[in-house]
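There are 2 protein chains.
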Amino acid sequence: MRFSPLVEQLMEAFRVLPGVGPKTAQRMAMHLLERERPGGQRLAAVIQQAIEEVGYCQRCRTLTEAEICALCESARRNDALLCVVESPADQLAIEEAGGFKGRYFVLHGHLSPLDGIGPESIGLDLLEARVAEGLVEEVVLATNPTIEGEATAHYIASQLSEYGVKLSRLAYGVPMGGELEYVDGGTLSRAFNGRLPFTSE
Amino acid sequence: MRFSPLVEQLMEAFRVLPGVGPKTAQRMAMHLLERERPGGQRLAAVIQQAIEEVGYCQRCRTLTEAEICALCESARRNDALLCVVESPADQLAIEEAGGFKGRYFVLHGHLSPLDGIGPESIGLDLLEARVAEGLVEEVVLATNPTIEGEATAHYIASQLSEYGVKLSRLAYGVPMGGELEYVDGGTLSRAFNGRLPFTSE
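Listed in order, the protein sequences are those of chains A and B.
Position 145 of the first sequence, counting from 1, maps to 206 under this note's numbering, and the rest follow consecutively.
Position 76 of the second sequence, counting from 1, maps to 137 under this note's numbering, and the rest follow consecutively.
Treat the hints with care, since some could be wrong.
Since the list can't tell identical chains apart, any single copy or any two copies may satisfy a pair.
Subject to a maximum C-alpha distance of 20 Å in a straight line, what follows is the list of computed EDC-like cross-link-like pairs (lysine to aspartate or glutamate) [to be verified]: (1) K84 to E156; (2) K84 to E199; (3) K84 to E242; (4) K162 to D245; (5) K84 to D151; (6) K84 to D186; (7) K84 to D245; (8) K162 to E134; (9) K162 to D140.
Hint data in this document are derived by calculation from the structure and do not stem from the laboratory.
Predicted model, so just to flag it, every value in this text is computed and none were measured.
Let the hints inform the model, and build the full structure from the sequences given.
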């Protein structure tokens, strides 16, 4: 015996979510059907609406149902600073860290020629047009510190070189609050090579 | 900054699922919007359809979109044995352990007078009518080995006492304070084979 076909379909459909295996999918299906039908109905409606209406901001490509996102609309941000990130989640992480008051540009991925993801797939034509406007003075390349992220940053750097903007990247080093023992070798040697004068502030 | 209102609503809606906190909800929303829109659309449609169409089997009260579930329809099960469980997940766990070839009755919970859950809320009128039909010779009270599950079993035992059916419960061997759904198959099988006469000690 299994559950009825429709209940099985529901369990199967939950598997599309990240980190959801068969047991969790079953728990989710049972929870919705046994205890949370109103919440489930709302979840279905919101998923449907979000998938239909949420697209990319025409200016920075972050996820939004508006044409231009709230951050691009804001008058309080510094137009001279543009931070390039791979995903809206990275953008949020930087915002929550606080301190950066410029604008963003979201790639939704990184260059990956083998998967057919070229410059236009990650919006680099739009990014170049943005820099060509002339307001941006510095582009912070905050792609992920991975092979693909670094390669993408290098590509963008050479693409933008003719516009005379300052290019920067996030500092590499050991994470705050971590233990050296558990930091990987690549990070450690980068942190060593980039060591700074010690100051007791 | 947060995400756009609709993306925030999507994240909030995922919180209805069991074990989903803010960080997981964000990961799910991003995953659907960035990489899995077709899967998300299917998930929304299946949730919607399941919530509308899945109800209780008219005979055993398990979850099904049919009037009578496949197990109740089956001619291969023993009508003389009826196993009473708290949830469809418990029923599935027993089926997957193998060995039991009777029928089921699903309570969808246990008696809980303080929450207004009385005998009719858990279908005990239907259960009594089923036993009154006269085919059932033994009722296995497989409620959870918790205070509430035991209390419910005692209530059912006294309710059915006048019909002269044999009453049994799962052998201890299932861990006290646990939930049937998460007990491994071997333990469940043993508990089934070692089931004992129900007594109101």
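Evaluated hints:
In this homomeric assembly, K84 and E156 come within 20 Å of each other (Cα to Cα) only across copies, at 15 Å, whereas the closest approach inside a single copy is 35 Å. Proximity of K84 and E199 under a CA criterion of 20 Å is satisfied in neither setting, with 49 Å inside one chain copy and 31 Å between copies. Taking the closest pair of Cα atoms, K84 and E242 come within 20 Å of each other only across two copies (10 Å); inside a single copy the shortest separation is 27 Å, beyond that limit. In the homo-oligomer, the alpha carbons of K162 and D245 lie at most 20 Å apart inside one protomer (18 Å), although the nearest pairing across protomers, at 54 Å, exceeds that limit.
When the C-alpha separation of K84 and D151 is checked against a cutoff of 20 Å, the pair qualifies only between copies, where the shortest distance is 13 Å, while the shortest distance within a copy is 30 Å. Proximity of K84 to D186 under the C-alpha cut-off of 20 Å is found in neither arrangement, the shortest distances being 44 Å within a copy and 32 Å between copies. In the homo-oligomer, the alpha carbons of K84 and D245 lie at most 20 Å apart only across protomers (13 Å), although the nearest pairing inside one protomer, at 31 Å, exceeds that limit. Taking CA atoms no more than 20 Å apart as the test, K162 paired with E134 passes inside one copy only; the shortest distance there is 13 Å, against 66 Å between copies.
With identical chains, the CA atoms of K162 and D140 are at most 20 Å apart within one copy only, with a shortest distance of 9 Å there and 71 Å across copies.
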